[in-house]
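Given chain P, work out where chain X should sit, using these hints.
There are 2 protein chains.
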Amino acid sequence: MPMNRSRVDSMTDRVLIDELQTLVDPGKVLTDAGSLETYGKDWTKQFTPAPLAIVFPKTTEQVQAIVRWANERLVALVPSGGRTGLSAAAVAANGEVVVSFDYMNQVLDLNLTDRTAVCQPGVITRQLQALAEESGLYYPVDFASSGSSQIGGNIGTNAGGIKVIRYGMTRNWVAGLKVVTGKGDLLELNKDLIKNATGYDLRQLFIGAEGTLGFVVEATMRLDRAPKNLTAMVLGTSDFNSIMPVLHAFHGKLDLTAFEFFSDKSFARVMARGDVPSPFDTPCPFYVLLEFEATTDDLADQALATFEHCVEQGWVLDGVMSQSEQQLRNLWKLREYISETISHFTPYKNDISVTVSKVPEFLAEIDAIVAEHYPDFEVLWYGHIGDGNLHLNILKPEGLDKNEFFVKCARVNKWVFETVEKYNGSISAEHGVGMTKRDYLTYSRSPIEIEYMKALKAVFDPNGIMNPGKIFAV
Amino acid sequence: MPMNRSRVDSMTDRVLIDELQTLVDPGKVLTDAGSLETYGKDWTKQFTPAPLAIVFPKTTEQVQAIVRWANERLVALVPSGGRTGLSAAAVAANGEVVVSFDYMNQVLDLNLTDRTAVCQPGVITRQLQALAEESGLYYPVDFASSGSSQIGGNIGTNAGGIKVIRYGMTRNWVAGLKVVTGKGDLLELNKDLIKNATGYDLRQLFIGAEGTLGFVVEATMRLDRAPKNLTAMVLGTSDFNSIMPVLHAFHGKLDLTAFEFFSDKSFARVMARGDVPSPFDTPCPFYVLLEFEATTDDLADQALATFEHCVEQGWVLDGVMSQSEQQLRNLWKLREYISETISHFTPYKNDISVTVSKVPEFLAEIDAIVAEHYPDFEVLWYGHIGDGNLHLNILKPEGLDKNEFFVKCARVNKWVFETVEKYNGSISAEHGVGMTKRDYLTYSRSPIEIEYMKALKAVFDPNGIMNPGKIFAV
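Going down the list, the protein sequences come from chains P and X.
Here our numbering is used: the first residue of the first sequence is 173, the next is one more, and so on.
Here our numbering is used: the first residue of the second sequence is 173, the next is one more, and so on.
Chain P with its partners taken away, still in its complex shape (with noise of 0.2 Å):
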């Protein structure tokens, strides 16, 4: 099964390029240096990008005609959306051509009554979102490359985010998709309905692919009420076990629309940017950032009670509650601007979950692990507690060579996964598999399951051209 520019003989590039070109509105198939390298990667900076070409589509025809090509002439494809994606999904390192959606960017309904927009899957994140406010309504689904991400590429991912607690993951927020499948097929999900028992509902499938079945040509995004008077808490913590019991208190007596976790470490480093403000002085082991709808001033109250108790109980240190929209962006600020922060320190990402319940028995285990093995790597951890996902991430020492850094944090993916495993947890929670983490596939999927998935790969994309080399190996 040929996957990749390598093995198609007897056809130069230049002949697959002209052909290409043909396909798309002029001056739509890139080549230069520049937008090989810009279009060939993601976030992730461990593989090369090296694709032929660029090819940009602006209708779902043209992206028909692309994808029947790739069959005739054996072409490995690659989706290319925000490229903000963290494990290499969107990453062509081997000669593919790839196709971006940058110019099928265009809302092109939205209905109020049914609280739906009609995307096409160039649209950015920011976008959609902003476009909801606009008319008092609200797309919950937001993490910290919402500015430049793609819905495309969310659904691709199944992407996640800070408020997954209440909202739920990407997949929820899809009421219908139009996709070109691996063979070239149009299809029509779902047709946008809340209800529809009638077999099997494809559209999951799809959702989560990375693109190694099909492309998503068009999405109708279901849209929720607007938020009432957002508010935000941090509290400190005094170590990480008290972190869930907090979690327990505000949760039977709160809707919470986000319970975020970060380590002081992670803070200090964004108090170090010094254009954050500092919610208090009192230095803690561990912070959380919860949020609920203010709505009554009984809700605040409450909040206010539950803080209290988690005092009074030993759990908290300090706290404070926004009362203001300003404070509130200020306080989602200590979390949000982690993820940039560190990015300058190359750091080493882990995207791992386990159910809530076995949150501080995994998360003791696995800091061990790195504590023993690394002790002079700075261990910085973040993330969705609430919904039993954590980053973690390992800083690169000052000194030490970036290809040595990455070999020795390998060496400890192999004990954390373990132990996911051991837990029943995820290798991946929300950055999807792609290219970096697929050797480590079978800690969180069973043998016979992958089976199943590549057996369903082939139904979709019997000639294995739609982004081959992620999530399995070619």
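Any given hint could be a false lead.
[As the list claims (entries may be wrong)] Chain X residues, not near chain P, derived (Cβ > 12 Å throughout):
id, residue
1, F452
2, S515
3, F517
4, D539
[As the list claims (entries may be wrong)] In the DSS-like style, the derived pairs of lysine-lysine whose C-alpha atoms are separated by at most 25 Å in a straight line are:
id, chain 1, residue 1, chain 2, residue 2
5, P, K400, X, K425
6, P, K626, X, K626
7, P, K626, X, K425
8, P, K505, P, K568
9, X, K400, P, K400
10, P, K355, X, K626
11, P, K425, X, K425
12, P, K425, X, K400
13, P, K217, P, K437
Rather than coming from a laboratory, the hints here were simulated on the basis of the structure.
Glycine is no exception: its CB is placed at the ideal position from the N, C-alpha and C atoms.
Then chain X, alone, in the frame of chain P:
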């Protein structure tokens, strides 16, 4: 591909039954006429039950043994839950072996931190609801047959019901699944995680698959916090076209937990029972039942103000709001008793949906078709209009022969489904396809989609032994 008993040559029924008995506990294979009749059918009446035997596994291993044996002997298997289905998906009319989950009916674990319950497939929906309630939690999927339907069947049909507008379908509440595929493999899907981005979410394929891919042998169901001070309003509207503005008015102000409707004829049938109090005296052509959490006086006031607004607009003629749990229960009877009340009049049921914004135009068109062709038939409308889901019920005139009635109704089907197709709707919103909708599937799913569905089935069930003839023709 052998599909039913008539294709099994050389083996006598007796030998098959003897073999089957070796796979389960003593006495757990039944072949008496009463059991064959009882376990061979669901709530539909079009098919004559004719299974070979009923088998009652008690463990996952026994289910695997049955499936492996069925593959060897090419015997068709039909899953049996609470047998409350309305599409003949659990009917065994061709010498199949029925696999009943009546003895796999335990809640194996309840985790209050994770808010999950690990259920065997035979757990009754109401049993799970009651268990959740005892723990201060809530299982929100609810419908007329909750008292006898089983969790495994709910998953097989992705059951919906009366709370979908707030809580979604069964799909939303399945944290993890253990399934035995048609090949006899045991898959543990998603491991109850909130976030898990490790390839295709196979769990989703089994939800709504009507047992055609495999059997659910364990399901971890999510629970929600208990709703607070649920309060219902029943409103009488001036005509059908007033219902959607009422929905829109309330939807903007309150987080609705239900928005149901029923026609005056449905209402009259329930009134005729004599055991349900009338909400008010004003006769109205249509009624709406809506529900919300009246957590504060302010919310109850907003509900009343919205009601007054609807009266001023001429949409609503009269209304009532529950002031106690007893009143809440009584108002719900107006809606919930319809299905059972009319079941004595041999109703021809259709369960169709469109997007909410298309409902008024769509219903008017269907109504006109039925009125034109069958002016002597009594047509009852009710359903989950807040989800775009309408139940069209045609009652058999007293003098008319049952078979003749069904033949006439089948003729309506074509016109109804053509209209469904025209409005991009679903021919089965929540009842599934089974055998009753099988031949109409193309009105909601394209031929290419159906080809992909069949190819997926072949991956999980290459010998076609799992509930053959359901969803697709054999």
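Evaluation of the provided hints:
No beta-carbon of chain P comes within 12 Å of the beta-carbon of X:F452; the shortest separation is about 28 Å. At the 12 Å boundary, the C-beta of X:S515 stays outside the reach of chain P, the nearest C-beta of that chain being 20 Å off. Non-interface status of X:F517 relative to chain P is upheld: no Cβ of that chain comes within 12 Å, the nearest being about 25 Å off. Chain P leaves X:D539 outside its interface by the beta-carbon criterion, the shortest separation being 20 Å against a cut-off of 12 Å.
At most 25 Å may separate the alpha-carbon atoms for a hinted pair to count; P:K400 and X:K425 meet this at roughly 11 Å. With a CA separation close to 17 Å, the supplied pair P:K626 and X:K626 stays within the 25 Å bound. Of the supplied pair hints, the one linking P:K626 and X:K425 is violated, its CA atoms being roughly 47 Å apart against a limit of 25 Å. Distance check on the hinted pair: P:K505 and P:K568 sit about 24 Å apart at the alpha-carbon level, within 25 Å; holds.
Restraint check: the Cα-Cα separation between X:K400 and P:K400 comes to about 19 Å, which is no more than 25 Å; the hinted pair holds. Our distance criterion of 25 Å between C-alpha atoms is met by P:K355 and X:K626, whose separation comes to about 16 Å. Distance check on the hinted pair: P:K425 and X:K425 sit about 22 Å apart at the alpha-carbon level, within 25 Å; holds. Pair hint P:K425 plus X:K400 holds up; C-alpha atoms about 11 Å apart against a cutoff of 25 Å.
At most 25 Å may separate the alpha-carbon atoms for a hinted pair to count; P:K217 and P:K437 meet this at roughly 24 Å.
Consistency with the previously given hints fails for number 7 only.
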